[in-house]
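Asks: So the protein lines, in turn, are chains A and B.
Numbering (our numbering) for the first sequence: -2 to 461.
Numbering (our numbering) for the second sequence: 461 to 718.
Simulated from the structure, these hints should not be mistaken for lab results.
Hints are supplied without guarantee of correctness; some may be wrong.
[To be verified] FRET-style restraints, in silico, Cβ to Cβ: (1) A:Lys132 with B:Tyr583: 28 to 38 Å; (2) B:Leu543 with A:Thr308: 33 to 43 Å; (3) A:Gly212 with B:Val659: 30 to 40 Å; (4) B:Ala510 with A:Pro372: 36 to 46 Å; (5) B:Asn563 with A:Gly236: 52 to 62 Å; (6) B:Leu480 with A:Pro372: 46 to 56 Å; (7) B:Leu481 with A:Gly236: 54 to 64 Å; (8) A:Arg460 with B:Ile568: 31 to 41 Å; (9) A:Arg425 with B:His511: 38 to 48 Å.
[What the hints assert, rightly or not] Just a sample of chain A residues kept apart from chain B, beta carbon distances all over 10 Å, derived: (10) Arg241; (11) Leu358; (12) Glu443.
Just so we're clear, the structure is a prediction, and the values are computed from it rather than from any experiment.
Just so it is clear, CB atoms sit at the ideal spot from N, CA and C, and this is done for glycine as well.
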Amino acid sequence: MCTSPFCTCPNTKAFDDPFDPEVSLTHTGVGAEKADEARPVQAFSREAAVSRAVESAVVQAVFGGCDHSRRAFLQRVGGAAALGIIGSIFPLDAIKALAQEKSGPPEKKDLKIGFIPITCGTPIIMAEPMGFYAKHGLAGTQVTKAAGWAMIRDWAVAKQVDCAHMLSPMPLALTLGAGAEATPFIMPAIENINGQAITLHKDHKNVKGPQDMKGFTFCVPFDYSMHNMLLRYYLAEGGVDPDRDVKIRVVPPPEMVANLKAKNIDGYLAPDPFNQRAVYEEAGFIFKLSKELWPGHPCCGFAMPAEFAKTMPNSFKAVFNAIVDATLYCSEAKNRKDIAAAVSPRNYLNQPLEVVEQVLLGQYPDGLGNNVNDPERIDFNPMPWQSMAVWILSQMKRWGYLKGEVNYKIVAEQVYLAAGCADLLRARGKSVPDNYYQKYKIMGKEFDPADPEGYIASFAIKRT
Amino acid sequence: MATASPKDNRWMLLSLFFLLLFLGFWALISLNTKIPSPLSVAKVAGEFLAHPFYDNGPNDKGIGILTGYSLLRLSAGFTVGALLGIFWGVVLGLNPMLFKALNPFIQILRAISPIAWMPLLLYSVRDSGVTALLVVIMASLWPTLANTAFGVAHIKKDYINVANILQLNPIAKVMKVVLPAAGPAIVAGLKISMGAAWVAIVPAEALLGSLGLGYFVWNEWNNLSLPSVIFAILLIGIVGVVIDLLFSKLAGKLAYTD
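Chain B on its own, in the form it takes in the complex (with noise of 0.2 Å):
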């Protein structure tokens, strides 16, 4: 297969050949319409990333503080639903007649929008802090264990029955054995999981009133202020790239090879 040597820098040229494509393509709409052109949405980031952490009280926060409160809950969402889905993963791959009985009920609840569960979660909860938190949750929770359980299920008879000879204690056998023996499948799971949250995070925030990203483009919104809100597209989609470059990167470390 015919691959891009790494030395071969001609793809950066192409990107941004497609890059004042869309920038020219979007100019020229924005001449016939209402929409905001790139200058005046360039200006407008301009005026936000001049003063990032400016706080004007409890409803006007710099888009640098803003950003910080949604990875604050992307991370403390991420971090608690990772968790959950890898040990309820690790129990369903090694309980077959376990997985096969929860399994519909999981494909049902994965399959609902985190969104969705939001009105119910604000009324048994009610608080809209720890609602925004849940929503992150449910939305990192289904595709790490889906991904740990069908990983685990799957782990080569050999390591288990290796780790059974040499009579390792359940704990020792899933960390020694199991975890890393299904890494890669649990790190496929955990990165759908990192982008799923992300995508959650900002209606999630938009409809509960809670700071953040969200809470700006709603705010803004309010005012129909369209420059600013393709603005906060934009910042939400490259912040969304690096936080999965940043996991990639994390991932390599992890990767092995039989």
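Next up, chain A with everything else stripped away, as it sits in the complex (with noise of 0.2 Å):
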């Protein structure tokens, strides 16, 4: 059996309706036979073939290539509603905007990007003034700054904005309709990798680690996001419970700091360089950088609803390969000097340079006298891994955030486009494994992400 839409065997049936029941997917089916008698040759475009290659190799995923069930399926429910089921499972829309070789100009070049002022989404508002999106067709592309992440999400959900910059976390939530109507979103890539810290008021600078911290007060920029599991996955693995021995309030970033300067608050889990600015202001020092729990975790990605994929396949590639490009150009330590001198202005993060260089160089006072020089403080790595998507989800579970039974794979493949991230870094030379599921070890603990519950269940500290 042939398991590969692209392969190019001459008797592949990669081409024929994967939604026809009547038809074999399988090179040496009876059935296909018969079909292919019935049926006069048809012409397809190159475009609608590919189209299709890919329908079919979806539907073969999902079946698992065992076409008896797929032909059962179909013949119970018709091909057009399983095309409805299964495009609502996977981003088949997405997919198939990406596996057409050639694209046609962008349907909307002047695209509108939301963006939240910090480091996270550097790439994201770099590559307007330093020209990615005009490199890529979308001449008049935006970025517009957010007030907040629930404003972004709902620029996002209300279609105010084609795309925007948001928590890792943000788009599984949305599919999910956790904290907000269920509202499918894709996301096709991550922006950066470290780059958050802990930081504490200064008068807490005896505190060696979570059992110090019972009683304190701490902030997170949103429910939904690598600062908030970061914080309480932390916490519980020193023993303290986030919900029960800790307050963990939602505030934004820049009231954080005045609050740290106030000592309303002991510390934050916050993205830069709101860390880096409380050592500026001399209200705290950088604790611990969160590279130091989870060497290399997500942070902010770039997403957007579903739907756009769909309407403007051209600029969604268009944008996708803008993206890739601008979030492999800050990987570059030498670029990152320019690049701070490029989203430093009031235009965009509005924070004094030498802030921002400290924190993107990696080149910075930690608040405690000493002048670190760790250029892995935040680094910028596009690919939207699935096993991430699968951690995320395996504590929104643990915390309560998700309740019932969750289907880990099909949202993290439905929303993570790690395929098609995977292909646009592969076309620029760099080598990424077939396999999207990657073990993590976080605090020395292993994640496995085929048994997320295994792992939910192993933790004493948890809502579940």
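Starting from the two chains in their separate frames, assemble the complex, guided by the hints.
Replies: Written out as structure tokens, the structure reads:
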């Protein structure tokens, strides 16, 4: 049986309608011969052929190559309904848009892209002044500053912006309808890895670990954030219950610095530049970089409603390419100084250049009198590993943000477009493994994406 | 009652004295704390006011342009809110039964900060520009409505009787008798509405990220730039006073005596 829709063997059936129960997708099926005889040869356009091939590949993936169950399923529900059902689970439109070798001109050139003024979103922001959108045919694309995560979420859902800078758990939460009305979202690329920190008030210089943090008041930028998940994980690993032994408040980052100065709070796990800003303001010190908890953890991503890829496939492809290029450009240390200068002005981050440079170059005072040199303090890598989504979902379930059964793999594959991003990376000479599920070691504890429920059960502190 | 005669300008000196006293206190406090000094605020103000109309893209515009956005939003929202308020105020004022029945609801609604409506409005209209406008409408609607209804309900019965004797049709009755008679109450309501709308506009813009003075405050706060924030506070206050003065002038032309 040939399972690849892109195979070149002459009798491939990848271009037959996979949603027709009369058609066999295997090359030796009897039904296929019959169907072929009964049907006049159709001349497909290349575009339609690729589209078909993608559908076939997805259908084969869903039914695991079992042609019998596919036919039984199609006969029961009908082809069009099946396309709808499978399309609702897999980002078919996005995959189709990407599979087209040549794409036409973008349907819309002047996209509106929402961003939050933090260094995590650097590639999305700098792609405008440094011309990455224009290079991919999106002249006139502008980035618009949003006042907070709830706002950027509502902008994206209401289509006031075409695409948005989001925290990596947000498109998952949106798709599942956690904390918002369920709207299918896709996240073609992660923006930054690492780059967050636990900042504590300068009076807490004697704190060694979670055991000294009982009774603390912490801030995080949003419920559905890596910040919240990592802070909870860190505290719980040290035996501190994040819901009972400390207070965790959702607060916009600039307010965190102001509150830290006033000693209304003890610390926060927040995006930069607001950790470095606390040092700059002499209000606190950097206690721990997030990369010390989980080296290479995802943080922010580039997301949009799934519908965008369907209604504007060419714009989608162009902006996806622009973002991957911009993110790779940001990951190179030699470009960071120019990037810092491009994103610091009032139109973008509106932060002192000195602070942005300290974050992006990884050469910074930590507030304890040390000058640290850590080039990996923040890094940029677009690959949205599906295992990252499974980890995030496992923590959302662990802390009660998701109730009931969670179909980890399906949600991860629907939202995080790992295969699409991997293709773009390979086209740029990067090697990416075929398996988009990786194991992670987070604070010394292994996470296996194949068994998220077992992982949740293994924690002593949880809300399940 | 002893009042200062129009020619007596000594109050100006007193005002100036209070201003200097305030600036002195401020400067003294800023010496010992991290609160920015009047001088640093003046410096920032000078920079912003030197180029009020620059345009560096969608997230960075001059203070003049931003003030313009806020004023535009204010006039549009206030006009709609005021018209709605006057219309329903007249309807309720002329129908005591309806007024009594709806009054509890009006009292509850006007007690709600227009900002509290914001998430619900944004969720239902799905557009932050329209939401900001609706917040301004909400802010300006209730004071005018309540004042108009009260004014209309308390018009001298004689006026209404005369109108009835003259057999004016309902529209002429409202335009020629009811509105002029309730004029002072309506204008007082409009003035409160205008103030309420200006107060609501700043947080609405800050929360919604809609360009305007509220956006400026939020953007500068993001940079923890207190001198800019203080500059914005002063500017918002001054613009508010100017609006109020202009409105009073306009209202003076509408005033009448029995």
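Asks: Work down the list of hints and note, for each, if the structure agrees.
Replies: Here is how each hint holds up against the structure:
Taking the beta carbon of each, Lys132 of chain A and Tyr583 of chain B are about 37 Å apart, inside 28 to 38 Å as hinted. Roughly 38 Å separates the CB atoms of Leu543 of chain B and Thr308 of chain A, a value that falls within the hinted 33 to 43 Å. For Gly212 of chain A and Val659 of chain B, the Cβ-Cβ distance of about 38 Å falls inside the hinted range of 30 to 40 Å, so the restraint holds. About 40 Å separates the C-beta atoms of Ala510 of chain B and Pro372 of chain A, a value consistent with the hinted range of 36 to 46 Å.
Range check, Asn563 of chain B to Gly236 of chain A: Cβ separation about 58 Å, and the 52 to 62 Å hint holds. Distance hint check: the CB atoms of Leu480 of chain B and Pro372 of chain A are about 54 Å apart, consistent with the given range 46 to 56 Å. Leu481 of chain B and Gly236 of chain A have their C-beta atoms about 57 Å apart, which keeps the hinted 54 to 64 Å range intact. Range check, Arg460 of chain A to Ile568 of chain B: Cβ separation about 37 Å, and the 31 to 41 Å hint holds.
Under the hint 38 to 48 Å, the C-beta atoms of Arg425 of chain A and His511 of chain B, about 42 Å apart, fit the expected range. Its beta-carbon lying about 29 Å from the closest one in chain B, Arg241 of chain A satisfies the requirement of being farther than 10 Å from that chain. With a least beta-carbon separation of about 20 Å from chain B, Leu358 of chain A lies farther than 10 Å from that chain, consistent with its non-interface assignment. With 10 Å as the threshold on Cβ separation, the claim that Glu443 of chain A sits away from chain B holds: the shortest Cβ distance comes to roughly 39 Å.
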